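Visitor: For reference, the chains in residue letters:
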Amino acid sequence: MKARLSNSSPALAWLVSVVVAVAFLAPLLWMVLASFREEGRIFHFTSENWFTTDGWTFANYADAWRRAALGGGLLVSLLQVALVAGIGLVVNAAAAYAFARLEFRGRDLLFAGVVILIILPVEVLAVPMFFTARDLGLTGGFGAALAGLTVPFLAKAFNIYFLRQHFLSLPQELEESAALEGAGAWRQFWSLALPAVRPALATVVLLDLLAHWGDFLWPLMISTREETRTVQLSLANLFTAPPIQWGDILACAVLATLPVIALFRFFQRHIVPSEARAGIK
Amino acid sequence: MTSWKKAQSRAAPWFLLPALALLAMFVVWPMLRAFGWSFTNADLLAPEQARWSGLDNYSDLLADPRFRRAFGNTALFALLVVPIQTVLAFLLALWVNRPEPAWRWLRAAFFLPVIVSMPVLAVLWTILYQPAHGGETGLVNAALSLVGLPAQAWLRDPHLALPAIAAMSIWQGVGLQMMVFLAGLQGVSRELLDAARIDGATAGQRVRHIVVPALRNTIVFVITVTTILAFRIFVQPYLMTRGGPGNSTLTVVQSIYEITFLSQNLGRACAATLLFLLLVGGLTLLQRRFTREERT
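Sequence lines, in order, name chains A and B.
For the first sequence, position 44 matches number 44 in my numbering, and the numbering has no gaps at all.
Numbering-wise, my numbering comes out as the position in the second sequence, counting from 1, plus 281.
These are computed hints drawn from the structure, not numbers from a lab.
Please read these numbers as outputs of a predicted model, since none were measured by experiment.
Beta carbons are placed, not taken as given, at the ideal position from N, Cα and C, and that holds for glycine.
Hints should not be assumed to be uniformly reliable.
[Claimed, not checked] Pairwise CB distance ranges, derived in the manner of DEER restraints:
hint : chain 1 : residue 1 : chain 2 : residue 2 : range
1    : B       : Arg385    : A       : Leu168    : 29 to 39 Å
2    : A       : Val32     : B       : Arg385    : 19 to 29 Å
3    : A       : Gln172    : B       : Phe571    : 29 to 39 Å
4    : A       : Leu170    : B       : Ala424    : 47 to 57 Å
5    : B       : Gln486    : A       : Asp54     : 53 to 63 Å
6    : B       : Pro364    : A       : Ile116    : 22 to 32 Å
7    : B       : Pro444    : A       : Glu227    : 35 to 45 Å
8    : B       : Leu326    : A       : Phe142    : 16 to 26 Å
9    : B       : Arg569    : A       : Gly182    : 22 to 32 Å
Start from the sequences, fold in the hints, and give me the full structure.
Guide: Set out below in structure tokens:
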């Protein structure tokens, strides 16, 4: 950490920061606390209401799980994220490797064509993509909807671009020596290049995880049946369908958050700090 | 090209095929089809019966007060979010950029809302913004009354709904931009800062004359990316206000969604999509141009 600017006492700076951070996180802290409160005690901001042993309950969690059919919602979301991030990683890394390391006619033109697709975010693509997904039957029952939630997002222009940068920075000598031992292109890619860019792979998985766990617009179009709802749609449904039970909604929000935090922590460990810089291109 | 390289390169099509086929099928082809439909009166349920209508969809959209309102709201949202979030993220990054390991926890704290999904936060903040009713109120009003300020209706007030959503969005996204600034700060010369301090430069002067120029690239990146993200806003108004009260939080993406599924007017929805692409794509190209020029 260079470029420190403040001369103030570290202890004082730390104290001020902790106070600011707690205030900053107050909405999330309150979300967790309130999710254990009985209905009718959630919106009363008096000390008698909160600093008491009365009125705490686990019932919101049981009710939220049942009413929002969270078992199904979590399953759909976990499958969606795992499939997009997992299969997508191989699909995009393979293309990125070809653009970085193999030589073929029209490579640069093709790559430029892929890069231009980065300007299309899901909000732009949603309506046009929906018709292709519908024509291909990627909506409806569980399997079809799961395919609809995942297949269109396996190949990502940005991920190809990002991984190519990292393959380019690998030393060529590694592959030359492997080639002398008779390793084919796929083996070089799979056993040499991929492990060498592990932090970049973890970054791509994290980006996919955050993007698709929080997906809303696309599942809204694709997951039209109850059994195909993602966890966010389950939450939105609990939030809008009467009877409105605030405790249940808050418990559901907590349950929709825990898996993504756990997964984030897990993959974050594979990223070295310098990795953060590679995103700034 | 060495002989092994030549042999290996014969495998190139197999490496490329899955990704390129998927991109062609789910990105290029749908966009081309949308481009075609945008000049027709295509209907959601029977797009194949579309008839040519020239530029009607585009001119209708540009004249449509609802779409114009949606565009204005989205621009206003970006105007609120981009400067405030960028400045806050910059200041936060300067503040938490310290070597002691304990500061990792602080950085993690400010980053946490980025990990929590937007739909969850939209639902949560709707609850936090609950207006006062009887003895009950949301956390935001409770915090206001703690410092002696009057309660507000927030999301139900046509003048406050959009700023309230903007405030919540800034809170959610500031940690991400803080991390980008932190990464940029690692490239600022420590020696230069120390020398400036010894020469008597104040913290403000050091930021203005050393840190800001060194981070120019990062600042441009953050501003343009935040602008693009702001224009893509959909989840917050969809869940928090449904575009209300009185269309005060209707955004471009939501109006495209409505034109598609409520009006079922596919042709017009595609025209709106392309207008939206022109905006977002233009911003992206602008950003890439800016940062590339700085690099060379």
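Visitor: Work down the list of hints and note, for each, if the structure agrees.
Guide: Here is what the structure says about each hint:
| no. | hint | verdict |
| --- | --- | --- |
| 1 | B/Arg385 <-> A/Leu168: 29 to 39 Å | 31 Å, holds |
| 2 | A/Val32 <-> B/Arg385: 19 to 29 Å | 22 Å, holds |
| 3 | A/Gln172 <-> B/Phe571: 29 to 39 Å | 32 Å, holds |
| 4 | A/Leu170 <-> B/Ala424: 47 to 57 Å | 52 Å, holds |
| 5 | B/Gln486 <-> A/Asp54: 53 to 63 Å | 56 Å, holds |
| 6 | B/Pro364 <-> A/Ile116: 22 to 32 Å | 29 Å, holds |
| 7 | B/Pro444 <-> A/Glu227: 35 to 45 Å | 39 Å, holds |
| 8 | B/Leu326 <-> A/Phe142: 16 to 26 Å | 24 Å, holds |
| 9 | B/Arg569 <-> A/Gly182: 22 to 32 Å | 41 Å, violated |
The structure fails hint 9 only (numbered hints given earlier).
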